[in-house]
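Place chain B on chain A using the hints.
Taken in sequence, the protein lines are chains A and B.
The first sequence begins at 1 in the numbering used here and counts up by one.
The second sequence begins at 1 in the numbering used here and counts up by one.
Just so you know, the hints here were simulated from the structure itself, not pulled from any lab data.
Please read these numbers as outputs of a predicted model, since none were measured by experiment.
Note that the Cβ used here is the ideal one computed from N, Cα and C, for glycine as well.
Treat each hint with caution, since some may be false.
Across the chosen pairs, the derived CB separations fall in these ranges [claimed, not checked]:
#, chain 1, residue 1, chain 2, residue 2, range
1, A, Phe56, B, Ser180, 22 to 30 Å
2, B, Glu434, A, Asp238, 53 to 61 Å
3, A, Arg196, B, Arg230, 51 to 59 Å
4, A, Lys12, B, Ser344, 57 to 65 Å
5, B, Arg41, A, Lys12, 43 to 51 Å
6, B, Glu434, A, Lys12, 36 to 44 Å
7, B, Glu469, A, Lys12, 17 to 25 Å
8, B, Ala287, A, Arg196, 45 to 53 Å
9, B, Tyr35, A, Gly241, 54 to 62 Å
10, B, Glu38, A, Leu16, 42 to 50 Å
11, A, Gly241, B, Ser180, 48 to 56 Å
Output of the computed footprint for chain A on chain B, the stretches with three or more beta carbons under 8 Å from beta carbons of chain A [claimed, not checked]:
#, region
12, 411-418
13, 454-468
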Amino acid sequence: MSDQVKRVFPGKEDLLRRLQVDTVQDKRLYVTPLIDPAQIGEGTIDLRCGTEFILFRKSRRSVVDPLEDSIRGRKTGEYEEKTYVEPGRFLYLHPGQFILGCSLEYVRLPRDLSAFVVGRSSWGREGLIIATATFVNPTYVGVITLELVNEGEAPIAIYPGTRIAQLVFNAVSPVSSDKPLVESKYNVTTGPTFSRLYKDPEWKLIGELRRHLDSSTIKCMCPECRKMTEIDVSTYHDFEGEVPCSNCHAVLLVETDSGHLKSLRRSH
Amino acid sequence: MVNNYYSLARSVVLSSRQDVFLYNERLDDLLLQDYPFESPRELIVQARRLVNLIDRDLETLQTQLEEEKKQLLTDEGLCEDIIDSARIKSQSIGALLSITRMIEVSTREYTPQHAVMFVHRLIDGLNLRAAFFLNPIPGLNFSYFNISRFLDRVSRALGEAERVSETKIVILSFPQTHQSDPIIHSLLAHEIGHWINDERKIVENVFARMVPITLGREQVEFIRADIQRRIGAGRIVRESDIMSEFVEQVQKWLAEVASDLVGTRLLGPAFVFTLANLLSRIQDPDACSSDYPSTRMRAKIQIEELERHKYGEMLAGLASQTSLKESGGELSNHYIALKQFASSNSQLPPAMASHLDSMVFDLLQGHLLDLKREVDLILGELGFSSAMFREDVPRLVSQLAALVPPCEIKIGEPASVASIVNSGLVFMETSAIEKVRNLLKDDVIDARQNVNALTFKAIELSTIERDMEKSD
Chain A
1 MSDQVKRVFP
11 GKEDLLRRLQ
21 VDTVQDKRLY
31 VTPLIDPAQI
41 GEGTIDLRCG
51 TEFILFRKSR
61 RSVVDPLEDS
71 IRGRKTGEYE
81 EKTYVEPGRF
91 LYLHPGQFIL
101 GCSLEYVRLP
111 RDLSAFVVGR
121 SSWGREGLII
131 ATATFVNPTY
141 VGVITLELVN
151 EGEAPIAIYP
161 GTRIAQLVFN
171 AVSPVSSDKP
181 LVESKYNVTT
191 GPTFSRLYKD
201 PEWKLIGELR
211 RHLDSSTIKC
221 MCPECRKMTE
231 IDVSTYHDFE
241 GEVPCSNCHA
251 VLLVETDSGH
261 LKSLRRSH
Chain B
1 MVNNYYSLAR
11 SVVLSSRQDV
21 FLYNERLDDL
31 LLQDYPFESP
41 RELIVQARRL
51 VNLIDRDLET
61 LQTQLEEEKK
71 QLLTDEGLCE
81 DIIDSARIKS
91 QSIGALLSIT
101 RMIEVSTREY
111 TPQHAVMFVH
121 RLIDGLNLRA
131 AFFLNPIPGL
141 NFSYFNISRF
151 LDRVSRALGE
161 AERVSETKIV
171 ILSFPQTHQS
181 DPIIHSLLAH
191 EIGHWINDER
201 KIVENVFARM
211 VPITLGREQV
221 EFIRADIQRR
231 IGAGRIVRES
241 DIMSEFVEQV
251 QKWLAEVASD
261 LVGTRLLGPA
271 FVFTLANLLS
281 RIQDPDACSS
291 DYPSTRMRAK
301 IQIEELERHK
311 YGEMLAGLAS
321 QTSLKESGGE
331 LSNHYIALKQ
341 FASSNSQLPP
351 AMASHLDSMV
361 FDLLQGHLLD
371 LKREVDLILG
381 ELGFSSAMFR
391 EDVPRLVSQL
401 AALVPPCEIK
411 IGEPASVASI
421 VNSGLVFMET
431 SAIEKVRNLL
441 KDDVIDARQN
451 VNALTFKAIE
461 LSTIERDMEK
471 SD
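So here's chain A without its partners, still in its complex pose (with noise of 0.2 Å):
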């Protein structure tokens, strides 16, 4: 196996110092608060679940396309909303609801360690799945996101403050030093993150061969002058009523469905 991608489990030991404060910077693993030293296992941490939750509220909004928030910008107040859960309190968690939660430990990982986030067992036999994005960039600074549903046949009760998740570490080649520490999308957050999928770079390539789509043009022979014309559908897509041809100026009535023609006709 070759030094970039042989993955060893840090012991418990290891976690432990590389969570001191005199560690040097770059082998630093940060998971505060740590409540409860028995948090650590070996080569594991326990998450504990945070006290901030995005909900999905029903909407006119009718369907989730990242293509329409990169180019339109996305209003995430339209249909998520946060709330605040404080310890000792408790949020249902009902049948088939899909929620965003988060970790009550931010986490800062070095350069040399990756970790997976993983469900406790006993709250998956309840029928909580905790994530599905789950793994950890080195180099990672924040609260982990964990996409909660409940996959049973009753309301679950989240109490903020309990072990929820685990960070599962594996030791990695160090990325280099010249890679600056904080370029995801979801660095340095302090709360569970509403999606970020628009800000990906392929949304403009796909943008652009969507308007490349979208503005080509029908060609059809004019009525009046019998010459071959051209009609923008990005204009007239969905259209009904009067377009000057090309070459004549005649005034042609057109009808076009979805970018397709209908009919078309001399205007009297």
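Chain B only, in chain A's frame:
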């Protein structure tokens, strides 16, 4: 002759009763809502009780209008009395209406949880019980309002002998636009100081120990001229006004300084730096009013207090503390600059202060020691110290520089709220912010916002850690 005042009086009384009806409907709506604590509900019940007392009086006026119609139709004076009486009741309703607004904006939607925890930590250990409402307001201002006392006053005005409630409810207002700025929240410590002053009667005690104030003829004339300038030439200044104005200003300034002293004791440099910074932004440093001494006076008194608690020595020593690197020296220089600002005007009180202000300042200076003693007595060992700053802040600064909330001194040891805020202060006052800026590749304002978010997060996390440890 038909008396038109009768119909006016009737209209005023009925409209006031309608105000009561509408206000009660709003209170009913608020009562139906879910609150995490009992105090909002209690406040609503108290307000409703007073509103019903007002309605009882208005109903009596209405009955009087109906039963004594014949007499009232011929007696304008009596009708005017009824209008006056109804107006006073309406004004009380108006004042009570502000309570609904405070309840509405005290929810998490408007008041962030970290601000709640900040206040919770500041008052912890004081052994004074009250329910606090945090009230976000427009503008760059903080204020304190003892609503229980206000309700008691309304109740007494309505002829009720008993107190409205045993639960003390206090409103602390803070600038809504700055709700994500933990450093500026340091000034809430001053408002908490007002509450401690109310509860423990700091100013009352100091005032009681003062030698009875006597004013010479010349002083009386100076004060008369000052009051005349304030109220305008058209009104007469009576002899009794002069003494009461003087005493009132002395008490108000003492209360302000006492509250500042509490702030300095609770938060140390974070409070004094922020106070001087904010006041310098919003007013002339030498301007006094009947309510407040000048910014320069207040800064000078609090810097003396920092010196008394050995912060001066400690800050000077920071320059050589390697853990803070150049930030220690910068903070120390900043403190020296603040000292120069506070004493740059050779005259204190400043030349622009009125004779009245100068006399109040002299009296205040003479009793400052007593005031400090009183605050020391109440706070005892509570609050922040220069030793805590020296021990905790460099560690927390290194965490913040690593973009981690500075919530623990070491594993399992939650940091105090004062240490956390003072570590945030280092980033606001020195070039330490540049490190954060470089890590984030942000501009300096974004970097400051990130430090603010991490500082607030640290207050929340350290509070939770401490509470969970307590419950173990």
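Against the structure, the hints come out as follows:
Between Phe56/A and Ser180/B the beta carbon distance is about 24 Å. The supplied range of 22 to 30 Å therefore holds. A beta carbon spacing of about 55 Å between Glu434/B and Asp238/A agrees with the range 53 to 61 Å that was offered as a hint. Evaluation of the 51 to 59 Å hint for Arg196/A and Arg230/B yields a pass: the beta carbon distance comes to about 57 Å. A hinted range of 57 to 65 Å holds for the C-beta pair Lys12/A and Ser344/B, which are about 58 Å apart.
Judged by the Cβ atoms, the range 43 to 51 Å given for Arg41/B and Lys12/A holds: they are separated by roughly 49 Å. Evaluation of the 36 to 44 Å hint for Glu434/B and Lys12/A yields a pass: the beta carbon distance comes to about 37 Å. In this structure the hint that Glu469/B and Lys12/A lie 17 to 25 Å apart at CB holds, the actual value being about 22 Å. Between Ala287/B and Arg196/A the beta carbons are some 48 Å apart, a value that agrees with the proposed interval 45 to 53 Å.
Under the hint 54 to 62 Å, the C-beta atoms of Tyr35/B and Gly241/A, about 57 Å apart, fit the expected range. Between Glu38/B and Leu16/A the Cβ separation comes to about 44 Å, which falls inside the hinted range of 42 to 50 Å. Our hint of 48 to 56 Å for Gly241/A and Ser180/B holds, since their Cβ atoms are close to 51 Å apart. Figure legend: the region 411-418 of chain B, annotated as covered by chain A; annotation consistent (3 residues with Cβ-Cβ distances under 8 Å, at least 3 required).
With a threshold of 8 Å between beta carbons, the proposed coverage of the region 454-468 of chain B by chain A holds, since 10 of its residues qualify and at least three are required.
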